[in-house]
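What follows is each chain in one-letter form.
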Amino acid sequence: MYELKFDEKMCAVCETCDCLVRCPYLNLDLEHAKKEVEKLIQGDNSMVLTECVTCYSCEEYCPYGNHPFYRIVELQESQDIYPAPKPIMNQQIKSMSPVGKGKVEELKDPVISLCAFPEAKKALRGDLFQNPNNYFGRDYFCNLMYLHFARSSIIKERLPRIIENIWKQKLNKSESKELICYHDECYATYTSWAPAYGIEVPFKPIHFYEYLYNRIRASMENITPIDAKVAYQRPCSNRLIPEQQHWVDDIFELLGAQRVKREYDREDALCCGGILRMQGRDDLAHDLQVKNLEDMEAAGVDYCVFNCPFCSYTLSEMVKERNIKPIMMIDLCTLSWND
Amino acid sequence: MEYKDIVHRCFRCGYCKFTDDYQDINCPSYKKFSFETYSPGGRMWLIRAWLNNEIVMSSHYAEILFSCITCGNCKEHCVFTFKDELLNIFEAAKTELVSEGLVPPAVRDYFKTMSINENPYKEPQDERGKWAEGTDIQRYSNQEYLFYVGDVGSYDERGKKMARHIGGLLSEAGLSFGILGKEETSDGNDVKALGEKWLFQQLAEDNIRKFHEIGVKKIITLDPHAFNVFSQEYPLLGGDFEVWHYTQILNMLAKEKRITISSCEMKVTYHDPCYLGRHNRIYEAPREVLSCIPGLELVEMARNREDAFCCGGGGGNFFTDILGTGVDSPNRIRVREAYDTGAEIIAVACPMCSKMLDDAIKSEELEERIAVKDIAEILYQAVVH
Amino acid sequence: MEKIYNALTDIVGSGYVSKEPEELFFYSRDQGTSEPKIPDFVVMPRTTQEIQRIVLLANKEKLPIIPMGGSLTLSGLCIPHRKGVVLDLKRMDSILEVNETSRYVLVEPGVSQGALQSYLAIKHPELMHSIPDAPPANTIAGNILIHGSGHLSQETGFHTEMLNGLEVVLPTGEICKTGSGSISPKWFARAPLPDLTGLFLGWFGTTGVVTKLSIRLYPKPLKKDVMMFVTENPDHIPDIIYRVTGTKMAEDVNLFAQPKPDWAEGFQQTVINITGDSEEEMSFKRRLIRKSVEHYIKSKEGGFMLVLPQLKPAMKEAPLRELTRFADMMKGGGFEYVGGIIPTESFPQAYYDTLEIAEKYRPKWSIMCRVIGRGHAMMFAYSWPFNRADAKDVEMSRKALFESNISSLKNGGVIWKSELEGQRMMMEKMDPNTLNLLQKIKRTLDPNGIMNPGNWEVV
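Here the protein sequences line up with chains W, D and A, keeping their order. Under the working numbering, the first residue of the first sequence carries the number 1119, and numbering increases by one thereafter. Under the working numbering, the first residue of the second sequence carries the number 9, and numbering increases by one thereafter. Under the working numbering, the first residue of the third sequence carries the number 1141, and numbering increases by one thereafter.
Any given hint could be a false lead.
What the hints assert, rightly or not - Sample of chain A residues with no beta-carbon within 10 Å of chain W, all distances over it, derived:
1) Val1238
2) Gln1450
3) Lys1539
Unchecked claim - Cross-link-like lysine-lysine pairs, in silico, DSBU-like; alpha carbons within 35 Å at most:
4) W/Lys1240 with D/Lys225
5) A/Lys1364 with A/Lys1500
6) D/Lys205 with D/Lys12
7) W/Lys1274 with A/Lys1388
8) W/Lys1153 with A/Lys1440
9) W/Lys1239 with A/Lys1431
10) A/Lys1456 with W/Lys1240
11) W/Lys1204 with A/Lys1388
12) D/Lys83 with A/Lys1388
13) A/Lys1504 with W/Lys1438
14) W/Lys1286 with A/Lys1431
15) W/Lys1221 with D/Lys205
It should be emphasised that the hints constitute simulated quantities derived from the structure, not laboratory data. Yeah, the Cβ is synthetic: ideal placement off N, Cα and C, and Gly gets one too.
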């Protein structure tokens, strides 16, 4: 089976332990962090394994790309530590298992994977998008969300087959062999997690924002500047692919939207709290959400922009209650587009 | 019988009888006759019983089936996945009755009149275009739009008045349109709704051939029944046209300021015709036309849009009167509802609704309190000519 | 029969009596698996006096009378087992009085749940009644008289506990009132008089025709939310119910389990509805409910599923349209359930019994439970869908229903709104003196045995 490319020696000599010291939730000083890192290297029972909120931040903070979070998940699973209640985990595992009903389609470029979010389909209309080919379904689901449930084994089991489904059923007629990934998590699966486990990805993943940026850039005459202050709710999975962050700023610039300066943004972004609630850590989720929303409100934003539908489900109502409009990035682009 | 494989799936739960908020019984035949057999669920179970030889076709069975006036409330509110087939199922069952010759006398007479006279009024074909005499309205000769008037618009007094108002407004706005006049024949919507699918097919194919021959691409209909059949059924027979209801065109003309509208103070409530509303989802265009008129106050009946209560003119009942009269007849119920809004005018967009509601006003003795006017007439009044 | 037909026509008018095969067919059956039985007539009275005259006629002619509301019990309670007259009461659809201060409404027996729900929402938006999950066509009377339950039952018990009194036409023709309405012009209470109301509750129309009911109304909250607690071990459920109901924070507590969709199999979903008038109140209630099951969350044995915002409206509906859709699960338009009223601690065994029965007869099944009172009981519905067009399939459901009845009784429960077979099972188990009393009351009130015969009858 697939082994994580985790370099124990690299962690052992790390002076800063950024992964744990900078963790927004554990509040560890360097001395404590070093002790816990040692346990993680040895595979011992560390408090990190039970306290981790699975926000993925440490993957971003590690200056060596040594996959601290993936290591945590491996240890959680091997030590039977469950971040979320087992019935919730098991139901989630069942609900997105492949069903073997994928069909071969002759899709020409561009091909967009909507993963498990068919609701995005209706947003991909009009001249801005020119009806790109897209697909979704359980047979194409990236499965990366099971990191939140400490189930690397599920991802290892399913992902090779998912990749094969995509390659043979959806990209067979593609000339570019590029796959535009709607969700940060899909893109991160193929560019971060799969390589970390030595799983080959035959196609070239493209971040949806890159596609969006290029589409808008090619048709600036159709854009009416939005002239609004926006907050961006950074999805946790973007932490796995921080090099893609810049697209957010690039798109906002094209749209004339001003991304406000606020405390809990970019590297300091807060988890939406949705996963925490599933884990049963409602008080923590509540605190984070209040901090996050108060931060947005204080910055006087007009919109809170999401890319992740799960973040949107979790926060939209609360955002609205503060007279801020929740909106998906794709809808913000459509808003500024003159058909 | 078509759809016989799904008839057994009806659970007779009764959602089909109500409005969305369960406020009212919204199935006109059930409201009128009260027995469960006259509800959509009742029909489904009886059709199945007939298919299973548990009951035989009878005049009472026929009455029950033909009392469905195809208003579409059941289709709107049924909670099951086969809901969109409900009216098709009732129509298929009626077709079985037609092929057995077991239809109520009024239905039989309607079919006979349609076959012989090609209109339900037994009037000569030559009279068909006479409503346009004295106007500037031209015969169709490759103009942008064909203005299709229909049976009621051609022969019924109220319908003819509507046709003149619509034609007048279209002319004032400089729209390029023409009419078929005495060349026009019946659209066949109600023939189909009553199960005579062979006569319908003949009427439809004749119309499609004629329209193609003379180069018709866009059609404005007066009657929502024609709108429905041209939009939904004619394409299946090779007749693909761009179809508009006149309220949509008037809305466009008003928004483009191709007509000048002055103020007109009146309190109006709008009655959604089933074939425009529930069947084709056009709820706002007629309202927008009314809202264009300064001084006009638009008030809604409790049952509006998807929940509108049918006037009783649909499904051929306008000609066959299976539902009959009486204080529980749909048109009288609807007029009482309109009156309760405090409106002085019931605005309509269908010539059948116009006549049905007008008759009901008389039955309710409300002539001094409320009147029926179609949207074209209201707009015509407000337009600066 | 012609003489009787003419007499009935004389009472209600020719438009409201039918002996046509079509009406007789329709009213001979319901949506469940019970065998149909053709009546002699279907009659739709409009007034109490018309009903009285019909009852007197029926006594004279020894004609059975079967009162009918929405006919949505699914267990054949309105099927005329010995022919006779089916009394469709839905023309008696007036809402007679709403007393806001004392919070009650007086209705005729044909008033539907939907009509009352809507009426209150428009005219008395601060008040509501307890709404069952049966389709809105079901009548207030029909649901109450069978001891129904609804969305307020977790707080206030069976719907019969929300009943203030009745007007009823006795089988011998007298018109009688029970509760405070028998003394006062106000229908606000059942106590403290000798409880005659009980003579008509759960009797399936064998003791009279109810012509008015007064039911309690409740303050209608401004906000509603839904929480879903998921477990994999049914043995935990009684304790979870005990804890959640012990907080007194929930309005409605239901439990679902089913094999489809595939992600649902093996899980129990406890759906907890909370209501309140402010977000503060709602947050407080959520917190207390979460705290009550903290033990299960911490031990990872249970957790709250995130309910997607787009799914919440359907889950907060009353009645739940989704439950009706279950009827078409086999693409067959049929379903029937045994509603076992069981003590909460019997849930696990009832659950296991359902799986066993499913194994034998039905791959598709559903368990739906509603908690009654603060966990005093559960309405455990062993639900079996079937394809009405397939006689073998119907028979399999019948067998599953039969064994579900056995399970209910074996687990210390009582069968709710039971069909004849289940009634027989209960009477066999019943304390003999109780059974004797039941028969005595029936004989006394209905000496000619005309009221819905076949029901509660010792064979």
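Evaluation of the provided hints:
no., hint, result
1, Val1238, "holds (34 Å)"
2, Gln1450, "violated (8 Å)"
3, Lys1539, "holds (30 Å)"
4, W/Lys1240 with D/Lys225, "holds (30 Å)"
5, A/Lys1364 with A/Lys1500, "violated (40 Å)"
6, D/Lys205 with D/Lys12, "holds (17 Å)"
7, W/Lys1274 with A/Lys1388, "violated (45 Å)"
8, W/Lys1153 with A/Lys1440, "holds (27 Å)"
9, W/Lys1239 with A/Lys1431, "violated (39 Å)"
10, A/Lys1456 with W/Lys1240, "holds (26 Å)"
11, W/Lys1204 with A/Lys1388, "holds (27 Å)"
12, D/Lys83 with A/Lys1388, "violated (41 Å)"
13, A/Lys1504 with W/Lys1438, "violated (41 Å)"
14, W/Lys1286 with A/Lys1431, "violated (49 Å)"
15, W/Lys1221 with D/Lys205, "violated (39 Å)"
Checked against the numbered hints given earlier, this structure breaks hints 2, 5, 7, 9, 12, 13, 14, 15; the rest are met.
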